[in-house]
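Read off the chains here:
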Amino acid sequence: MKPASFKYVEVADEDALAAALANYGDEASLLAGGQSLVPMMNFRVVSPEAIIDLNRVDTLSYIDCGEDTLRIGALARHAMLEDSDVLSRRCPLLSRAVGNVAHRAVRNRGTTGGTLALAYPGAEIPLALMTLDADVVLRSQREERKLGIRDFILGSLDTALDADEYIRHVEIKLPPAKSIASFVETSRRHGDFAIAAAAVVAARNDDGQLAYLRIGVSGGTGAPVRMAALEEIIIGSDLADRVIADGVHETIDGIEVFGDHHYPEDFRRHVLQGVLRRALNEAIFGSEHRHVQ
Amino acid sequence: MLPGDRPFPQIEGRLEDARLLFGRGRYIDDLPVATGTLHAAFARSSHGHAKIAGIDKSAALAIDGVVAVLTAADLGAVLDPFPSIVRSAPEYRGIATDKVRYVGEPVAIVLGRDRYVAEDGVSALEIDYEALPAVTDVDAASQATAPLLHESFGTNIVWKNQYRYGDPETAFDNAERIVGVDLKFPKYNSTPLETYGVIAEYLPETDGYVIHGNFQGPFSLMPVLARALRVPDSRVRVIVPQDIGGSFGNKAMVYPYMGLIAACARLAERPVKWIEDRAEHLLGSASGTDRNSRIEAAISNDGRVHAIRMDIRENVGAYLRAPEPSCVMRSLTTFSGPYRIESGAIEAACVLTNTLPTGLNRGYGGQQYMFSLERLMDAIARETGIDRLEVRRRNFLKAAEFPYLTTTGSYYDSGDYDNCLDRALEHLRSEEWEGTRDKLRAEGRLVGIGVATCVHSAASNIGYVTLALSPEERARKGYNAKSGTNDFAHIALDPSGRLRVQIGTAGAGQGHATAVAQIVAREFGLGVRDVDVIDRIDTETTPWTITTGTYASRFSVVVGGAVQRAAVKLAGHLRIIASHLLDVPDDQLDIADGVIRVRNSNRSLSLRQLAGATQWNRGDLPDESVQLHVSESYGASNLRSPDSENRVNAAATYGFMADFAMVEIDPLTFVPRVLKYIAVHDVGVPINPQLIRGQIAGGIVHGVGGALYEHLDYDENGQMMSASFMDYLCPTASEAPEMAIDHFDTQSPFTALGVKGCGENSAMSAPAAIASAVDDALATFKTSISELPITPPAIWRHVAGAQ
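Chains as they are written, first to last, in our numbering: chain Z, 10 to 302; chain B, 4 to 806.
Quick caveat, the hints were computed from the structure, so don't treat them as lab data.
Some hints here could point you the wrong way.
Computed list of chain Z residues with no C-beta within reach of chain B, every gap over 12 Å [claimed, not checked]:
#  : residue
1  : S14
2  : L40
3  : G75
4  : T78
5  : E152
6  : K182
7  : V193
8  : E194
9  : D201
10 : D216
11 : A238
12 : I242
13 : F294
Simulated DEER-style distance windows between Cβ atoms [claimed, not checked]:
#  : chain 1 : residue 1 : chain 2 : residue 2 : range
14 : B       : K54       : Z       : D67       : 33 to 43 Å
15 : Z       : D67       : B       : S49       : 50 to 60 Å
16 : B       : F784      : Z       : D67       : 50 to 60 Å
The beta carbon of each residue, even a glycine, is placed where N, CA and C say it ideally should be.
Looking at chain Z on its own, in the form it has when it is part of the complex (with noise of 0.2 Å):
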């Protein structure tokens, strides 16, 4: 598990950054936390001509909460937003999100930018990402683009950005000041990827009425999938446990699902369920689930 030789390159700011992009193309992979990348260089499963680490690119590591948007830098790494108090009042999805990725040993060095480029369908943030709707700006020396989320990520492991180009940010619409976020996964042991993971944040207005729902699932979706036909499902009803189950039951039906040597679909569609339905008794009813201790 050595892996072949490459070139190294270290870039300090945005501007070198986008500069060896254009240089290099498709032949570098960019380095940030390397929690996937080093592995994947040493299993050989990819060898690239050069690395360019942009560890040191500081203007990409922030978490900057305006009045209602949310810019997460690419650079930020996933502790910080664990530790982040604002975060965990004004964007609690992803509070509850990232203490679900791997163990914090791996927290301290993987990146909001790293998950998101490498798209790998159990990940929790890009769930969350999905599931807020976020938009991902992207840069090249070229031009400066912003992309919805849903056309970022496009399946299992697979982004729209180009050769040349780094993500910069992504920027959140924030839900409403008095949210109820879930984030309930569900994994053979303690950090590994999701089997399954559900994403709720639910707000009610004033006179108490469900106004605010954002629903996504992830494991074995291929990207994660935002369930908008869901929420005005749920939304529009009067909140019966049996109009909830229903909903549940027929839109992931209708998702695509795909199974493996580990877990058939038929169990992963029945486990997409049974989590998609906990996070949503926690987030609109905010009924204590009960999760294995």
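Got chain Z; can you put chain B on it based on the hints?
Only chain B this time, still in chain Z's reference frame:
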């Protein structure tokens, strides 16, 4: 008080800790290597079964830094197949010849100036494969129509045999009831932190080899290695590094790699070093066997078992390599476990499949057979309506019956199974397990409690290996019988008066040096840190036997026994010397607190004074031989070779384990979790409770791994579906349950220290206890676990199937 009656002195922590915890261990990768040493990387098969149509080395050889590319054809000039216990078994060379038979099988070895460039060489090799149909299931492989792994052998059933003890036919004919279960036990590994490592050199001046390898024994594999290398045993010098980072049976099977790397060194005329990486370890080291079996009991309606019938189909992987088929021997020799079962009929077959070849895996057949027997006991409980514990008690051997000779010839030394189980129940009650389970169930949670009661045979009799042969084969002229287990210890008083012990255990971090220091310290009334222990194996200078090594939990019985003997003998010699120096008969002398005292007097000599006088003033001592050092050997008692009825005493000692597990299953996600575990074991006499606790705790988590998480999983094409830690799931600290570990010890009357061996313990019993708990958790679905690992999809199928 005689020294043997004193308690063992204890220390907090271990003597080894200072070096291991501060990064000063010396593992194989830490050893300095000669300049010019080449580094090896293996090209390994990506196919489960394929012909090798051609290997083009040219691109690899063109890489700067690549020195050689060696295939079976090249190595054949200096390396023969490794001999098997079963003489007619298909050839095993450790590297593919014309075919590959499992993913990960070595195909070529690239030698380069460093590992990076050697791997570049591997990437550049062009190997042409012609895929063949593969077979990975043991029953499928047994069919006449299955793809053949070794065409000339004609079948994939590489070995089979039948064993009959007592009168099983009558017992089954007269049974009031017959209860049977079909079971599947999975293939998994031990995943030691440290992987295999070999550094080898050929010495043309003696036509011999020097091989450094983190090999744990048994050293019965040394003649196998020497024969493959075509040199006499005495020309293979094996040096085991001072520290090995875990083994658990796995590092018995580094010997084929020792042969391959040594042969490379000979052909390259330079030393060669190879450190296995984690990917290789999962694909290409060794694993435990997976087993499909059917086990049946002939019982009375009150649950008493009169006979067992068992049909074992054991997957040994793509090759049968020594010491297999020993994997099935615990299932024969101790088939009755802790129960009074007087008859048995066992059919066992080892089958070849396109999977990783097998070897020892912490328990070596123990976990497979304990799973079978304990699942059967639970099935008997279910079918008769008798409580699971009561059924076991009705069959338990009683304390007054020991020593007990089983129908297979195993001679159980001591035990008190009822009281040991009672002690475990005390923990269950004081921790309110049943109350907790009921409370959680009332909240809608799926929670269960399971049990396993098992006999742990330790310090195995090498004779059991020969059960692979028939009594007729063993009776033939020229056949050499095998039996026993023994080892050496050397103890000396150095010129400054300090005691130094030399042993050779090939330990892997169990704390052997500490335990040995405690044994010696007890004999001389010293503190543990007053004794130095060197644990080293260099076959050129360390006394060793073909049973030497750390396996079968033998250390405390065999090495401990040798150390005890040596300590007592040395103490005797020192009394003789002191009697001259003090001018009193030696039976008037006691050794305590490191001082030799004349009884009822204050005349004494310190060890330092005695050593000084003997070293510096030897001439003034009488001419009788004066010994300041002693070598002793210890061979366990009662170990003979098998008789003509296939009866043999499998091991020197027989411990006992009473285990309880509490498992919860999430009703929406079907994820199982072991919440709590109780293990009350009989280890005879505990030398060091900390060490024992560590072994049992590690064994519990290992058993959790086998029950729920770890699986070397192949698809029907022989592709490895768990080739990295993403998919091969070892339990982490978060998955470890709360553990209550306790003892109910009954001394062995047969061992020097009364000890019984400890190490494999709950690694063998936990899978059964956890399956039992899952049954209880899913009781409303009226289903029973017969296959491991118990994964969420598997649980879902049980639950969905019931609805």
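Against the structure, the hints come out as follows:
S14 (chain Z), annotated as away from the interface, has a beta carbon of chain B within 12 Å; the closest lies near 7 Å. With a least CB separation of 18 Å from chain B, L40 (chain Z) remains clear of the 12 Å interface cut-off, as annotated. Under the 12 Å C-beta cut-off, the non-interface status given to G75 (chain Z) relative to chain B holds; the minimum distance is some 37 Å. Against chain B, the non-interface label of T78 (chain Z) holds: every CB pair exceeds 12 Å, the least being about 35 Å.
Non-interface call for E152 (chain Z) relative to chain B: holds, since the shortest CB-CB distance, roughly 37 Å, exceeds 12 Å. With 12 Å as the threshold on Cβ separation, the claim that K182 (chain Z) sits away from chain B holds: the shortest Cβ distance comes to roughly 31 Å. Distance check for V193 (chain Z) against chain B: the nearest CB is about 9 Å away, which does not clear 12 Å, and the non-interface claim fails. At roughly 9 Å from the closest C-beta of chain B, the C-beta of E194 (chain Z) falls inside 12 Å, breaking its exclusion from the interface.
Against chain B, the non-interface label of D201 (chain Z) is violated: not every CB pair exceeds 12 Å, the least being about 7 Å. Every CB of chain B lies more than 12 Å from the CB of D216 (chain Z), the least distance being 32 Å, so the non-interface label holds. Every C-beta of chain B lies more than 12 Å from that of A238 (chain Z), the closest at about 22 Å, which supports listing it as non-interface. The non-interface label for I242 (chain Z) is consistent with chain B: the shortest C-beta to C-beta separation is roughly 20 Å, beyond 12 Å.
With a least beta-carbon separation of about 16 Å from chain B, F294 (chain Z) lies farther than 12 Å from that chain, consistent with its non-interface assignment. Roughly 57 Å separates the CB atoms of K54 (chain B) and D67 (chain Z), a value that falls outside the hinted 33 to 43 Å. Look at D67 (chain Z) against S49 (chain B): about 43 Å separates their beta carbons, and that is not inside 50 to 60 Å. F784 (chain B) and D67 (chain Z) have their C-beta atoms about 57 Å apart, which keeps the hinted 50 to 60 Å range intact.
Checked against the numbered hints above, the structure breaks hints 1, 7, 8, 9, 14 and 15 and satisfies the rest.
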